[in-house]
Amino acid sequence: MRIDLNEIQHWIAQGSRILDLGCGDGTLLKFLIDNKQVEGYGLEFGADEINACIEKGLNVIEQNLDRGLGNFADNSFDTVLMTQALQTLHYPHLVLDEMLRVGKECIVTFPNFGHWKARWYLATHGRMPVSDLLPYEWYDTPNIHFCTFKDFEVLCREKNIRVIHRQVVNEQSPAFLKEIAPNLFGETAIYHLSK
Amino acid sequence: MSKSLPADSVGLVTPQSIHFTEPLPLASGRMLDSYTLMYESYGELNASKSNAVLICHALSGHHHAAGYHSPDDRKPGWWDSYIGPGKPIDTNKFFVVALNNIGGCHGSTGPSSINPATGKPWGPDFPKLRVRDWVSSQAALADKLGIDVWAAVIGGSLGGMQAMRWALEYPDRVRHCVVIASAMKLTAQNIAFNETARQAIIADPNFLGGRYLEHNTLPRDGLSVARMIGHITYLSDYAMGKKFGRDLRSGSFELGIDEPIEFQIESYLRYQGDTFANTFDANSYLLITKALDYFDLAREYNDDPVAAFSQAKAKFLVISFSTDWRFSPERSREIVNALMGANKAVSYADIESNFGHDAFLLPNARYQQVFSRYLAGIDTE
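First to last, the protein sequences are chains A and B. Residue 90 in full-length UniProt numbering is what sits at position 90 of the first sequence, and the numbering runs on without skipping anything. Residue 110 in full-length UniProt numbering is what sits at position 110 of the second sequence, and the numbering runs on without skipping anything.
Bear in mind the hints are in silico, worked out from the structure with no lab data behind them. Mixed in with the good hints, there may be bad ones.
[Said to hold, decoys possible] Which stretches of chain A does chain B cover? Using the computed rule of at least three CB atoms under 8 angstroms from a CB of chain B, they are:
{"id": "1", "segment": "46 to 59"}
{"id": "2", "segment": "69 to 77"}
[As the list claims (entries may be wrong)] Residues on chain B that point at chain A, a partial pick, calculated with CB under 10 angstroms:
{"id": "3", "residue": "Glu334"}
{"id": "4", "residue": "Asn343"}
{"id": "5", "residue": "Lys344"}
{"id": "6", "residue": "Gln369"}
{"id": "7", "residue": "Arg373"}
Glycine residues also receive a C-beta, built at the ideal position from the N, C-alpha and C atoms.
Use the sequences and the hints to build the structure in full.
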């Protein structure tokens, strides 16, 4: 399982009610159901991903996140999750507001565009970074709103969002570096938020 | 259709009928003292009777959902694309039951049946029916077949309404509820189409207050127009354009020619209307469209669909089609939202299709995938 997904489980209460936005093939939701006995729904837009979720026996709802979460009541979930989808949204800040309205707590993970590899690539090649984590060209990428660890912090401050936990994780580079300079050495940002 | 039937067909099937002498109390307060249900079944009921699936039909449907009645049949049952060995409703796994509802006109007791009290056809005197009456008669059928719990109750359109009603009325008898291209209640636009169709029938001089059978006649023209109206609403602009365009069947656009111009779509609709008028009973049409109009899943739950679905214990699969304007995806999303509000297990897919409401009967790769995968996950042990 992706490293950010593994970290998230520590912030999810046993038996809680979960909404997973952009749940993909349902790997995380299935893991949380099996290991944390959560209940809930995954929202997804991709046909193949929805098929994969149905195959796993998950509750998956076809829904376009860019149209908001107007069909969910305030505080109707313990935790609203969104892993590696924030950067694909047209208005990520509005969806973040919606997540905090619908969930008592939220967990968001996204690729940190401030990571040194991305900076290095842009600085030396003069082109948009293409890497293992971001394997798309600028024109065909689903990722349309990249941000850095710092950018996200600023947004949270502006919106008075409470950061319960924050963490950066790396698949490879040494752990101590990301502690010193998370914006430079963290590949994936994980935020645990509440109002 | 010639001698060899397709390998993924349930093959030759024979309709069966069951007569019930136990009275059926109806939502109207009236009682149907005895009645007959016509049904077909495909696949084998397993020893624990845990693999039974009920197919609920839509407005003009009936018991013949899959397979062929004779090797020379031109067409198979109405949902043959989805019922059969290896198909989404896999008859290698499930025992599938499809019936003709009471009030219908294909062998089950309805307005064209003889009223035992008078010895004449029921006609307009047949009791008014609600969707719940169909569900209770289907429960009586399940009892006779020894099926305590359906592995799944499945229906499209009006059939989806029956499936939802099943989940609320008999929560312990439905494990999975599959609701396709349906709604919790009709919109005013839908009711308007139904009423226009009904008025076409009633306005036919041969309707005779619904007692046409006693006078040995049929309101064919009215029923044909009613079907044409319905048919238009089941198609999409795209489907009609693609199939017929503005092609002419006869005449031409040349000036000075008096020959009447007939578009392909006109002759198609007339053909559909005439065929229907020869096989469907006008009183059944009035009765069934009224049941459709009056269906309101949440009315008795304070108009709160979340409270209504709180009764259910089944898991749900809801499917809609992008160009269905008669039962639009929005109506399906209302069902899904209410189910999530009631904290029920539900999955939902909106299938891209160009074919309007009819899409639920047509082959479509993504629809087949979603449907197959969901049903494959149903435990029948």
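Hint validity - Arg373 of chain B Cβ closer than 10 angstroms to any chain A Cβ: 4 angstroms, holds
- request: Examine the segment 46 to 59 of chain A: at least three residues should have C-beta closer than 8 angstroms to a C-beta of chain B.
  value: holds (count 9)
message: For the restraint on Gln369 of chain B, tell me whether the closest CB of chain A is nearer than 10 angstroms.
response: 5 angstroms, holds
message: Lys344 of chain B was flagged as interface toward chain A. Is the shortest Cβ-Cβ separation under 10 angstroms?
response: 9 angstroms, holds
- request: Using Cβ atoms only, decide whether Asn343 of chain B comes closer than 10 angstroms to chain A, and label the hint accordingly.
  value: Holds, because the Cβ-Cβ distance from Asn343 of chain B to chain A comes to roughly 7 angstroms (cut-off 10 angstroms).
Restraint outcome when Glu334 of chain B is required to lie within 10 angstroms of chain A by C-beta distance: The hint holds - Glu334 of chain B has a Cβ within 10 angstroms of chain A, the shortest such distance being about 9 angstroms.
- request: Take the segment 69 to 77 of chain A, compare each residue's beta carbon with every beta carbon of chain B, and decide whether three or more fall closer than 8 angstroms.
  value: It holds, with 4 qualifying residues against the three required.
This entry satisfies every hint, going by the numbered hints stated previously.
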